Amino acid sequence: MTALADAYATWSWNPVADLRQMWAYPFMVNAFRAGTITAVAAGVMGWFMVLRRQSFAGHTLAVVGFPGAAGAVLVGVSATYGYFVFCVAAALLVAAVPRTGRGRRPGAGQEAALTGTVQAFLLACGFLFTALYKGVLGGVTSMLFGSFLGITTAQVWVLLAVAVTVLALLGAIGRPLLFASVDPDVAAGRGVPVGLLSTGFLVLLGAAAAEASQITGTLLVFALLVMPAATAQVLTARPALSLALSVVIGIAVTWLGLTTAYFSDGPLGFAVTSYAFAAYVLARIGRAAADRAPRHVPVRVPAGGAA
Amino acid sequence: MTLAMGALGHPFFQHALLAGTAIAAAAGLTGYFLVLRAQVFVGDALSHVAFTGALAALAVGVDLRIGLFVTAVAVALLLGSLGRRGRADDVAIGSVFSWILGLGVFFLTLYTTSRSAGNGGAGVSVLFGSVFGLSSAQALTAALVGAGICAVLVAVARPLLFASLDETVAAARGVPVRLLGFVFLALVGACAAEATQAVGSLLILGLLAAPAGAAHRMTDRPLRGLALSGALAVGEMWAGLVLSYAVPRMPPSFSILAAATAVYAGTYRAAVWRGVTRPSRWVRRGRGPAVAG
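Sequences listed follow chains A and B, in order. Under our numbering, the residue at position 149 of the first sequence is numbered 149, and the numbers go up by one with no gaps. Under our numbering, the residue at position 197 of the second sequence is numbered 197, and the numbers go up by one with no gaps.
Next up, chain A with everything else stripped away, as it sits in the complex (with noise of 0.2 Å):
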């Protein structure tokens, strides 16, 4: 015990030290790995996201995670797959309501009755998994909020192979499915397949939900995918230059929440909600400095925020 109290190590404001003394651990190198996958696939769904207006979509999709993991335990299988089953079948399932458009709109609010009666329900089936596992309520506590110790070598590669088949779908798809959440009906005029896409983007969606879930937790997956494009998409309108804005966001809040919680042995989510929450409200902020400033000044938002 007082070797693992002397290993707590203190911020000494020597960075170099600092990091290197950080990495010197493996667990936070394949955390740092793990958590900068995660936040390139987050950041890149996410911003799709956003700009499908699909938060709610998205929310439910992550959070199922949660039973998924805690069914996977139950039957005794690896929660991966429980995570990645859950998580696709969730977005088979929301994309297979029909759809009116995006927005508020006639029938806007029993899509999000359906979405949220499926979030609800497999929620519950996940407390009523849990409950007849018996487990260690730790367990719980560890799949709903994330873990971000302990992450082996090989899981790394088991993200790392997911994110990239994730993203070179997405890369794929990239193009038209940009036309389709822009404007679908001119979309669709133009014989874009807007509904298959839709699906398909669910469906990734589910997959990159599924991979966040097992480093930040199923009910924190959510932030990393929102926050980071929310905020890149209030800084610029340029869809390339959001886009990697929204990536270099994530791992940015990603890094300094792995670095603050380990200087700080907090709990790791809230350390990265705060980072990316401190720079959503900046670039707001910011945005309406801009905005209210005369036209000729050039009022430049620093990128990334408090990052």
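Check before you lean on any hint, since a few could be wrong.
[To be verified] Listed next, the stretches of chain B that the computed footprint assigns to chain A, with coverage defined by at least 3 CB atoms under 8 Å from CB atoms of chain A:
(1) 41-50
(2) 105-113
(3) 123-135
(4) 181-191
(5) 203-217
(6) 257-270
[What the hints assert, rightly or not] Think about it this way: if two alpha-carbon atoms lie no more than 20 Å apart in a straight line, the pair counts; the simulated SDA-like pairs of lysine to any residue are:
(7) A/134 / B/125
(8) A/134 / B/132
(9) A/134 / B/130
(10) A/134 / A/188
(11) A/134 / B/249
(12) A/134 / A/73
(13) A/134 / B/124
(14) A/134 / B/247
(15) A/134 / B/266
(16) A/134 / A/72
[Unchecked claim] So, partial list: chain A residues that the calculated Cβ filter (under 10 Å) puts toward chain B:
(17) 63
(18) 66
(19) 110
(20) 266
(21) 269
Derived from the structure by calculation, the hints contain no laboratory data. Just so it is clear, the structure is predicted and the values come from calculations on it, not from any experiment. Beta carbons are placed, not taken as given, at the ideal position from N, Cα and C, and that holds for glycine.
The hints should help you fit chain B onto chain A, whose structure is shown.
Using the frame of chain A, we list chain B on its own:
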């Protein structure tokens, strides 16, 4: 029937029934408006906020319910002030509530590390509820609060329906649309805080969305739908409580949600079968909640 009679003999079941009925009625009525106004995501957000409120209260050491109600209602009003006419956009809502959830993790860590052992399950019980564990005083408070939410909602039901169906015309007729939006959000917050004690903060969404979604599918008429939504929620709550009593391995939160989902799935299948998955009649006539913004 004998099962229900047997269950009613136990004080814990009486308390659960009393609190559960009031909570379900409040959630059913509130949920109807949430679906009508296409604000279900706000309900989702506030249910997560309720978790943070409860954990903050536990960590600081005050009554759980004070934390729940103060946090949920305050954040509900904050979300209202973020957007025009008391409606924030989804991205802003998502950013705010995921940070508040992160804050909840902080309080959870604070609580589990600062107090002595034996409270590791506190977070889980806030998340998933424990309706059979309510004391008689807690049940009575829950029933009174639930009845209060229902009463306020019924009192503002007509202007709120008007404002939800056609915001612009309602505003032109002198209905205080913005104020009603805030009052409604505060009621949603109170409802989320209230329901956390019964089904837990993660599962409130089901009580808000499922009975209301079913009622919207079963009738086009607003006042009838509102009553139906409340009645369905109460019925599902009773069915869930009895089911959980009959099958002790099944947690009540799950059986309540299972009953709600079954009813919703039934109406959904029926609607698909009848071919009426398109928006209901008054929506198609252009009087629906097709509000610009």
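Query raised in the report: Regarding the pair residue 134 of chain A and residue 249 of chain B, is the alpha-carbon distance no greater than 20 Å?
Result: Since the Cα atoms of residue 134 of chain A and residue 249 of chain B sit roughly 11 Å apart, the hinted pair holds (cutoff 20 Å).
**Report entry** Stated coverage of the stretch 105-113 of chain B by chain A [criterion: 3+ residues, CB within 8 Å]
**Finding:** Per the Cβ count (4), the hint holds.
Query raised in the report: Taking a Cβ-to-Cβ distance below 8 Å as contact, does the stretch 41-50 of chain B have at least three residues touching chain A?
Result: It holds, with 4 qualifying residues against the three required.
Query - Hint check, residue 66 of chain A versus chain B [nearest Cβ-Cβ separation less than 10 Å] - result: At 9 Å from the nearest chain B Cβ, residue 66 of chain A passes the 10 Å test, so the hint holds.
Query - Straight-line alpha-carbon gap residue 134 of chain A to residue 247 of chain B, limit 20 Å - result: holds, 16 Å
Query raised in the report: Would the stated hint for residue 269 of chain A survive a check requiring a Cβ distance to chain B of less than 10 Å?
Result: Result: holds, 4 Å to nearest chain B Cβ.
Report task. Take a quick look at whether residue 134 of chain A and residue 132 of chain B sit within 20 Å of each other, Cα to Cα. Result -> At roughly 18 Å apart (the allowed maximum being 20 Å), residue 132 of chain B and residue 134 of chain A satisfy the hint.
**Report entry** Supplied contact hint for residue 266 of chain A, tested at 10 Å Cβ to chain B
**Finding:** Nearest chain B Cβ about 7 Å off; hint holds.
Query raised in the report: Between residue 134 of chain A and residue 266 of chain B, does the CA-CA distance stay at or below 20 Å?
Result: violated, 32 Å
Query - Coverage claim, chain A over the stretch 203-217 of chain B, checked by counting residues with Cβ within 8 Å (three needed) - result: It holds: at least three residues are needed, and the stretch 203-217 of chain B offers 12 whose Cβ sits within less than 8 Å of chain A.
Requested in this report: Would you mind confirming whether the straight-line C-alpha gap from residue 134 of chain A to residue 125 of chain B stays at or under 20 Å?
Outcome: With Cα atoms ~14 Å apart, residue 134 of chain A and residue 125 of chain B stay inside 20 Å; holds.
Query raised in the report: Keeping to a limit of 20 Å between CA atoms, is the pair of residue 134 of chain A and residue 124 of chain B held or broken?
Result: holds, 13 Å
Going through the hint list in order, the structure does not satisfy hints 4, 10, 15.
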